[in-house]
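**Student:** For reference, the chains in residue letters:
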Amino acid sequence: MKKRVGVFVCDCGTNIASVVDTEEVAKYAADLPGVVFSTTYKYMCSDPGQEMVKKAIKEHGLEQVVVASCSPRMHEKTFRKAVEQGGINGYLFEMVNIREQDSWVHHDRKEATKKAKDLVRMAVSKVLRNKPLNISHIPITKKALVIGGGIAGMQAALDIAEAGYPVVLVEKEATIGGKMTQLDKTFPTMDCAA
Amino acid sequence: MVAVAQHPNIEIITYAEVTDVAGYIGNFKVTIKKKPKYVDWDLCTGCGTCIEKCPTKKVPDPFELGLGLTTAIRKVYPQAVPGKVFIDAEHCRKLKEDKCGVCEKICPTKAIRFDDKEEYITVDVGAIVMATGYDLFKWEEVYGEYGYGKYPDVITSLQFERLSSAGGPTGGKIKRPSDGKEPKRVAFIKCVGSRDDTKGKGYCSRACCMYTAKHAYQVKDKIPDSEAYVFYMDVRTAGKNYEEFYQRSLNAGAKYIRGRVSKIYQRGESLVLKAEDSLLGRPIEVEVDLVVLATAMVPSEGAQELAKIIGFSVDKDGFYQEAHPKLQPVETFAAGVYLAGACQGPKDIPDTVAQASGAAAKVCGLFAHDMLATEPMVSEVDISKCSGCGFCVPICPYKAISLVEITERGHHGPVKRQVAQVNGSLCQGCGACVPACRTAALNLKGFTDEQLVAEVDALCL
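If you read the protein sequences in the order shown, they are chains Y and L. Per this note's numbering, the first sequence starts with residue 64, numbered consecutively. Per this note's numbering, the second sequence starts with residue 452, numbered consecutively.
With the rest of the complex left out, here is chain Y:
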């Protein structure tokens, strides 16, 4: 596999850029071994941001991608998809969290920028050793279990059942209805609760 890494550093509006000097991080990343392209953008997760990633993969022949932005819990799937649409395996991608684990928890701009550089350097080093992975598929049992037969459980069971799927509704009492059965009238319409 060729070593052609692209690094994309996100400002997240001011969420990251107010504490981390993203321009400096991108400039630093450009000189890391294997990196052939680096840039910053105000909102990397936005449509133009993702387009940027896809375009750079094609224009610069990127083989690996690193995005330095928020928590992977937030946008790992977003960027993995963008990378795949750009034409390379989605697992030849690493995400660096410079928001929750950097700009949101530090105040010192110099130190936070240094930490962002460290994190990016680590990810670049890792992504060069990433291998393409493939998603496998498993069958789904199209039947739902709803635990609790109060208002929430009944509504969920009804909606799923209406969509055509079988539902098992388990209730610990000897009747469904939950606390609702004990209520008289309900606000703000004063309907009966039966």
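Just so you know, these hints were derived from the structure itself, not from any lab. Here a beta-carbon is modelled for each residue, glycine too, at the ideal position from N, C-alpha and C. Careful, some of the hints might be misleading.
[Said to hold, decoys possible] In silico BS3-like pairs for lysine-lysine, Cα to Cα no more than 25 Å straight-line:
id, chain 1, residue 1, chain 2, residue 2
1, L, K896, Y, K65
2, L, K632, Y, K140
3, Y, K206, L, K767
4, L, K777, Y, K105
5, Y, K248, L, K632
6, Y, K235, L, K706
7, Y, K205, L, K480
8, Y, K235, L, K480
9, L, K601, L, K635
10, Y, K248, L, K556
11, Y, K206, L, K480
12, Y, K140, L, K777
[What the hints assert, rightly or not] Okay, the calculated bits of chain L under chain Y, using three or more residues with CB under 8 Å as the criterion:
id, segment
13, 475-485
14, 735-748
[Stated by the list, open to error] Examples of chain L residues lying across from chain Y (beta carbon under 8 Å, computed):
id, residue
15, T465
16, Y707
17, I708
18, I800
19, T803
20, S808
21, F818
22, A905
23, D908
Using the hints, position chain L against chain Y.
**Tutor:** For chain L alone, coordinates are given in the frame of chain Y:
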């Protein structure tokens, strides 16, 4: 309720609890314990003859929350769904002392089964919706200033619902529990256990402001020349038509007093409330006939254990933890397990219904696919390194690793030996097995030792 019971796609299993959940998204195996009902529900028609004839008539009715009595064989309430009877083993004389047995004799369909035992069944499902609801905060245990529950005329809002309900013990006439008289002066205390870090919970229970406004309105509406006093910290009416509803209660004559009640005590037949009117800035004393406490919502009993069985987390107050407070409010950290209603946090009916439909939409979204894509970042075994020690097997929290026998070519013909095998669809990629492997045969795809060492080197060298 009836719509649920009549739906051909819904199987209702009442008087039952989930005791075990194995498997993973798309393929859960659930064990359900059916508690003994002592009645064959296939035969019971719900005619109610047994309820009429049951001689044990002085059982405190859990449904009426101590305000009414019931029989040992009964329905939870007359409109129960399914409309079948069960025997309360704690109070049935036949089950306790082997006496009586009247119901068995008179049941026209011979449905009584005194030898009924608990039964375990398993079902295969692809998704789970948690809708375990809430319980009320046990105020009697901590609020000494309100009498620790020793005054019969200090009741909870849910008890007030029973007093106000046409199906309740008083037929919908508001009467106080001590002497059955109609109270002319009723006080409501909000935030009992809510927004009280010292004795209760830090959070707001969200529904109390509105149901208390309703209760105060009902007092003014049902009892002529009555007074309704509402003691509050704030009035929170953030919901469609809620502020208007609160105004309706005010217009009906409910008196709102801003301040906490510091003491309740008996004076003759009345209860005296000592409080502070914080708008006037002075202590006040109000004499009433009935006090209604708007107690906090807390997670229902056993909810936390259930979360542990299924494998997702609860928040600091024991409510089920959503995957993200704004963007994933119905998902949990366990894939394929969704949240609906007050089990996730205190909620009123409109929010509960909305969240339940949200959870249902997630389930339908999952079921709309025939196959489910799985994360490829799972453990893999390098069998050339695996010694087959089996150390990783009990460590895996998802029961994804097993030992299998393989045949290899040896110098003197085929050789059999044991190696670990990872089930890729059970493995969640947690990585617990990797450090446990003594021969470094296990690696997590996407997080191999080589990749992690490269990261550390990049940082340190």
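**Student:** For the pair supplied as a hint, K205(Y) and K480(L), confirm whether the alpha-carbon distance does not exceed 25 Å.
**Tutor:** This hinted pair holds, its Cα atoms lying about 13 Å apart.
**Student:** Under the criterion that the straight-line Cα-Cα distance not exceed 25 Å, is the pair K235(Y), K706(L) satisfied?
**Tutor:** violated, 40 Å
**Student:** Holds or violated: T465(L) as interface residue toward chain Y, Cβ cutoff 8 Å?
**Tutor:** Since chain Y brings a Cβ to about 5 Å from T465(L), closer than 8 Å, the hint holds.
**Student:** Need the status of pair K206(Y), K767(L): alpha-carbon distance at most 25 Å?
**Tutor:** Outside the cut-off at roughly 32 Å; violated.
**Student:** Given that the segment 475-485 of chain L was listed as covered by chain Y, double-check it with a C-beta distance under 8 Å for 3 or more residues.
**Tutor:** holds (count 5)
**Student:** K248(Y) and K556(L) were given as a pair; does the straight-line alpha-carbon distance stay at or below 25 Å?
**Tutor:** The given pair, whose Cα atoms are some 40 Å apart, is violated under the 25 Å limit.
**Student:** Are the Cα atoms of K632(L) and K140(Y) separated by 25 Å or less?
**Tutor:** violated, 64 Å
**Student:** A closest beta-carbon separation below 8 Å is what the hint needs, so does D908(L) meet it against chain Y?
**Tutor:** holds, 7 Å
**Student:** Between K896(L) and K65(Y), is the straight-line Cα distance small enough, at 25 Å or below?
**Tutor:** Between K896(L) and K65(Y) the Cα gap is close to 20 Å, so the pair holds against 25 Å.
**Student:** Decide if the proposed pair is consistent with the structure: K140(Y) and K777(L), CA atoms, cutoff 25 Å inclusive.
**Tutor:** holds, 17 Å
**Student:** Measuring from the C-beta of Y707(L) to each C-beta in chain Y, is the shortest one below 8 Å?
**Tutor:** violated, 16 Å
**Student:** Holds or violated: are the alpha carbons of K248(Y) and K632(L) at most 25 Å from each other?
**Tutor:** holds, 22 Å
Of the numbered hints listed earlier, those contradicted by the structure are 2, 3, 6, 10, 14, 16, 17.
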